[in-house]
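Chemist: Here's the letter readout for the chains.
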Amino acid sequence: MTQLTDTPLAIAGREFNSRLLVGTGKYKDFDEAGAAIAESGAEIVTFAVRRTNLGQEADAPSLLDAVSPERYTLLPNTAGCYTAKDAVRTCRLARELLDGHNLVKLEVLGDDATLYPNVIETLKAAETLLADGFDVMVYTSDDPIVARELEAMGCCAIMPLGSLIGSGHGIQNPYNVRLIVEQSQVPVLVDAGIGTASDAAMAMELGCDGVLLNSAIAHAREPLRMARAMKRAVEGGRDAYLAGRMPWRQHADPSSPFAGRING
Amino acid sequence: MAPHLLRDACTRQLGPNAMSQIQIRLNGEPYTLESTLDTSVSAADLVEQLGLSGRRIAVEINETIVPKSQLADTRLAEGDQVEIVHAIGGG
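Residue numbers (our numbering), protein chains in the order written: chain X, 1 to 264; chain L, 1 to 91.
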């Protein structure tokens, strides 16, 4: 029997079998987050860095108890940063938080209403972080020229948005995502905008190396079931891409032979 | 008067266990540190005061990271801007 194989997803020298990356935000509690993430099969999990709540009980649960650094590759993000400077500070704090772990998700946002990436600040931050030894997975617009610049600088993964963060509008410009996939030597992951399983499958069918999502699972009525749906969609989309889809035809082409029909 | 002379004078007058106060900004808010005049407060002391010892946190003072290994040796001074962060859910 033929073995259907795939190469692992390689990011900054690490290899992963899952091509689904998930966030940890918007869950009811850490238990729900932990269970959904486990169900998704994700190996890379992103989280945010924020000020501690002063006065909280010393034994309050921590996200990193539910999503442990021993089990997952943790990917601190710079969500909420609007300047290169804040993003760089956040990454340095995250590296300290995770004992020197240097893989980060860089995102520098442009405004509150769209959370659209500010690519100018993103490029500045990427330059500083790369010089400081970080492995930078970068959230960016679906502009292929910006994506090319970020790759040339040394970012280890290019992550264009499908649509606005948290919008669930899927992939609004598949042609641009395809252009970025075609030109890139490093992994390309759709990050942001995935609403449901078919969106994740579409990203993979376009040839993306992976998908990063959060709200689509966390805000589903049943997060655990959606986590499983996303796992299967990413696997299905990846296989469909590798298999190579049939050509489009203008007219019908019967699957059953004409010869031997009883009315022939 | 130079700070060390002032401290010496106070210590003579008030005794070694007299308290002094240092104002810092902690996570964007004003925060008052109490210290005895003959010891200064370290970043590790602050972390302990806040009940955060042993938790997975990171500390930045005046926009520079203070590695865990250096918390005990890092003295806090009037006006320091201190950030203490942790991991939370996010995408």
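Incorrect hints may have been included.
[Said to hold, decoys possible] On the chain L side, residues computed to face chain X include the following (Cβ under 10 Å):
(1) Q23
(2) N27
(3) L52
[Stated by the list, open to error] Taking lysine to aspartate or glutamate pairs in the EDC-like style, the calculated list, with each CA pair at most 16 Å apart, reads:
(4) X:K26 with X:E149
(5) L:K68 with L:D45
(6) X:K124 with X:E96
(7) X:K85 with L:D45
(8) L:K68 with X:D86
(9) L:K68 with X:E151
(10) X:K85 with X:E151
(11) L:K68 with L:E48
(12) X:K85 with L:E48
(13) X:K124 with X:D99
(14) X:K28 with X:E222
(15) X:K124 with X:D86
Worth flagging that the hints you see were computed from the coordinates, not collected in a lab. Quick caveat: nothing in here was measured; it's all calculated off a predicted structure. Glycine is no exception: its CB is placed at the ideal position from the N, C-alpha and C atoms.
Chemist: Okay, which hints does this one fail, numbers in order?
Modeler: 1, 4, 6, 7, 8, 9, 10, 12 and 13
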